[in-house]
Amino acid sequence: MNAPQPHLRKAAAQKAKSAEKRPLPASLSRNAPLVPVDSAGGQALAAVIAILAFLAALCAGGAELVSTSSAQWRSEIAREVTIQIRPNPQRSVEDDVARAVALARQAPGVEQAQAFTKEESERLLEPWLGSGLDFKDLPVPRLIVIKLKEDVRPDFGPLRQKLKKDVPGATLDDHALWVSRLSTMANTIIGIGIFLVALVLVAAGLAVIFATRGAMAGNKEVVEVLHFVGANDDFIAREFQRRFFRLGLRGSAIGAGAALALTLVMGLAAQSWRASPAGDQIEALFGAFSISWTGYVVIVLIALLVALITGIVSRLTVRRFLNGNG
Amino acid sequence: MRTYFDEEFDEDTAAPSVHFENVGVRYGMGPEVLRDLTFSIEPNSFQFLTGPSGAGKTTLLRLILLSVKPTRGLISLFGEDVSRISKDELTGLRRRMGVVFQDFRLLDHLTTYENVALPLRVQGKEESSYRAEVVELLRWVGLGDRMHMLPPVLSGGEKQRAAIARALIVRPDLLLADEPTGNVDPSLARRLLRLFIELNRLGTSVVIATHDFSLMDQLNVRRLVLGDGRLHIDE
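As you go down the protein sequences, you meet chains A and B in turn.
First residue of the first sequence: 1, per this note's numbering; consecutive thereafter.
First residue of the second sequence: 1, per this note's numbering; consecutive thereafter.
Mixed in with the good hints there might be a few duds.
Short, incomplete list of chain B residues facing chain A, as computed with Cβ under 10 Å [said to hold, decoys possible]:
hint, residue
1, K87
2, H109
3, A117
4, L118
If you're looking for bench data, these hints aren't it; they were derived computationally from the structure.
Don't be surprised by glycine CBs; every beta carbon is placed ideally from N, CA and C.
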């Protein structure tokens, strides 16, 4: 600090003799925000953001759950290939089954080839035809289940050709149609999830625009004083951005935290229902109803994104407002 | 921006701090509240702006502060024509001015210390660089033991002094004060006037809007007298 003028120094010394003896504390400023937005309106905005972040996190978590489950279904289905052999009165079906199993085992990428016995094949029909029937005269097709090695997607063209040549009446089903339909369904659900997240983010942005304009109108005098003491528009916009980012972070943390808690609770509930028929259905659809670490990361990222959007949108709104008002 | 207690002062002798040329102001479609204002405020000058209530003193100060736009005429501040200045230039000009509002305009959610330090804070200065200076000025205006209080608990006179301290902290080139002694007792009014005189000696042009004749009689300086929307200069 520069030396004060002598008479000022003297007067100040006379006025505050005792006070001057006290050393100054490290900071006298509370670093208080220049723009007070923690009003009732600010709290309402935090609540709206919490609800929107909760919905966005649920959508993202749901999409992630479907994505993980569908990948699991697809990998399980894609690892299994079946050969169906229709009985032919002019051929021995047992020989055809044995030949098809041998051909399948020779094919690259095959881990295991297991033929269903005649009894096992007949048992597969029981849910539709009932038990206690004599299937002796029915031409029940025989199935061979082929398990593929992991992460291998062999070309079934040569095996198909060999089966056509050596085992007429045998058809190979690699479930490609199923997998493709499943992928389409899963991708549609994921797409809808992303669309909903985007909609929620847009809604959050619009809520922030209204809240910022309200805060600007409510703090008109503060903004005017800031201008008079030499603050430029960017400084004022930054102050609003800082306040709204904090509000947004608080709201989105509450919303995303609630979504995470709900997911955990539903995971625990699904576990406790596992033994029941409904639990089996849920598990068949969604696995263990627990999202992976990617899901948690996505939810946390959404919370941060909502807070960032809150801050940036408020800054842009303030700049626009100030430009529009001279 | 120079600091309050800087010893050095490079005076801009070339251009007046404020120059008005045939300036007129009207609100909406109403009659002109101020008309044909032509005057200059020279650097390092001291003047009172006076006139009856409602004569337009505050409007004239707001014209200088560029918060009211003239409907006609030319205004230049520190040699710069303000009719086509950018927002950044406007901020630059306002940083060279200190203003004491009639209604104080202190921010109620900031302490007295924070209010006085506000012009330095908006300039992005670190608190450690101005803390001692702000405290010294607060003690000088008699608010040493009020620095942690919020404006709503201050008396009218204390608010007045805090507003004056906020205007002085950056030692502006031009100080505009609207009824700065309206809420204080005569002895404190004299003290505050001495502070303005001291600031003027250090190089600041001072314009004090008042209709307090006892205050004006203490100093034989130029008087800008507003009446019927026109300005009469009493040298």
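Here is what the structure says about each hint:
{"no.": "1", "hint": "K87", "verdict": "holds (6 Å)"}
{"no.": "2", "hint": "H109", "verdict": "holds (5 Å)"}
{"no.": "3", "hint": "A117", "verdict": "holds (7 Å)"}
{"no.": "4", "hint": "L118", "verdict": "holds (5 Å)"}
The earlier numbered hints are all upheld by this structure, with none contradicted.
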